[in-house]
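Number of protein chains: 2
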Amino acid sequence: MAEYTLYSMQSSGNCYKPRLLMHQLGIGFRLVDTDAGKGETRTADFLARNPNGRVPLLTLPDGRQLPESNAILLYLAEGTRFLPADRYDRGVCYQWLFFEQYEHEPTIAVARSWLSVYPDRIGKATPEQLADWHRRGNRALAVMETRLSAADWLAGPAYSIADIALYAYTHVAHEGGFELNAYPGIGAWLKRVEAEPGYVPLAWRP
Amino acid sequence: MAEYTLYSMQSSGNCYKPRLLMHQLGIGFRLVDTDAGKGETRTADFLARNPNGRVPLLTLPDGRQLPESNAILLYLAEGTRFLPADRYDRGVCYQWLFFEQYEHEPTIAVARSWLSVYPDRIGKATPEQLADWHRRGNRALAVMETRLSAADWLAGPAYSIADIALYAYTHVAHEGGFELNAYPGIGAWLKRVEAEPGYVPLAWRP
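These protein sequences, in sequence, are chains A and B.
Just so you know, the numbering used here puts 75 at position 75 of the first sequence, and the rest follows in order with no gaps.
Just so you know, the numbering used here puts 204 at position 204 of the second sequence, and the rest follows in order with no gaps.
Worth flagging that the hints you see were computed from the coordinates, not collected in a lab.
Using N, Cα and C, we set each Cβ at its ideal position, and we do this for glycine too.
Warning: the hint list may mix true and false statements.
As the list claims (entries may be wrong) - Restraint-style ranges between C-beta atoms, simulated for each label pair:
hint: 1; chain 1: A; residue 1: Q129; chain 2: B; residue 2: R81; range: 16 to 26 Å
hint: 2; chain 1: A; residue 1: G123; chain 2: B; residue 2: D152; range: 43 to 53 Å
hint: 3; chain 1: B; residue 1: A151; chain 2: A; residue 2: Y88; range: 48 to 58 Å
hint: 4; chain 1: B; residue 1: A188; chain 2: A; residue 2: P206; range: 20 to 30 Å
hint: 5; chain 1: A; residue 1: D120; chain 2: B; residue 2: D120; range: 47 to 57 Å
hint: 6; chain 1: A; residue 1: P197; chain 2: B; residue 2: R192; range: 23 to 33 Å
hint: 7; chain 1: A; residue 1: G123; chain 2: B; residue 2: R121; range: 29 to 39 Å
With these hints in hand, go ahead and build the complete structure from the sequences.
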């Protein structure tokens, strides 16, 4: 039977986002481990599927391809409780998705990848690089804290794909050298995300 | 009468995106020039509107705020011809919007800002920084070329906010030292965008 296929790297927060949402939506899928660190996203076969050479990549049951973690979240969440029904709340959800890819992932995920994920990188970031990632990453965390010290969820009154997108790398930020104790609103929100029905951790596989 | 207000920096491609879309949608708005280079996005008043301290920022007629250029595009385009009606095409539109903020803007717009926009930066980027922006920016342009050498528009069969988002910094990429002659598909697409009804250039003000 035709089904969804997710090309995914297990350690990647970006790849965790669609795994978590698909589990919470009850969508079955096949997982294809694709290790960017081993060049598996730059083979001719993979580039024919995604010219941008990155995971996650979702292959739909009809064979068409959809890359970009937050685009996959939006595509799958349309019409479900994971995308706010109110127009303004939906706008705020979009806002957090773009914030995540522009301000949060390039600092917090990158610091984590150099400190904890890729064996050939670990310990090789310069002090200047680390200081820059930490300065900008803490700035992004402070923006999240402004919202989460005053509201339970990032976009509107309920859990949404905005929370999934920001949770992915925030909950492992300590692996990038970030100290989350300074952000009590974020700490309480992480626990709320983990109490949602169908929550599965980053290590989960279908 | 209540209306939209756009906090915007005239030279910014990110701020140009909502100006162009609002003009094409026939939405009137007030423009408030807000120069990030002079610290105007980091004042207490501005941070109360957008804790992330960036433009563009759209204030809705009811007084609520919406930052992030591509979130503003999605918010305004919902239900119009500028967001594809087909579900998969809409997913592809989302994909390009995230690609733009992750792969394209941080290299092409940043190179432009250091070479042409901010007087206190011009000439101060290191050769290593420039080489890195050009390497990664040309990689992003090559991904666009793969699509635009085979299709008229980025997402689906018609002009959409994906085209607006990528046009904003692509059409001024030469100001960042990029050579667009190497990308004939992109060159033809730039002309198609500029022939769309209601097109206005980056310098346009309401």
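The hints, checked one at a time:
1. A:Q129 - B:R81: 16 to 26 Å: 44 Å, violated
2. A:G123 - B:D152: 43 to 53 Å: 49 Å, holds
3. B:A151 - A:Y88: 48 to 58 Å: Distance hint for A151 (chain B), Y88 (chain A) is violated at roughly 33 Å.
4. B:A188 - A:P206: 20 to 30 Å: Violated: the Cβ-Cβ distance is about 43 Å, outside 20 to 30 Å.
5. A:D120 - B:D120: 47 to 57 Å: Given about 38 Å between the Cβ atoms, the range is violated.
6. A:P197 - B:R192: 23 to 33 Å: The hint (23 to 33 Å, Cβ to Cβ) is violated, given that P197 (chain A) and R192 (chain B) are roughly 47 Å apart.
7. A:G123 - B:R121: 29 to 39 Å: 32 Å, holds
In this structure, the earlier hints numbered 1, 3, 4, 5 and 6 are contradicted, and the remaining ones agree with it.
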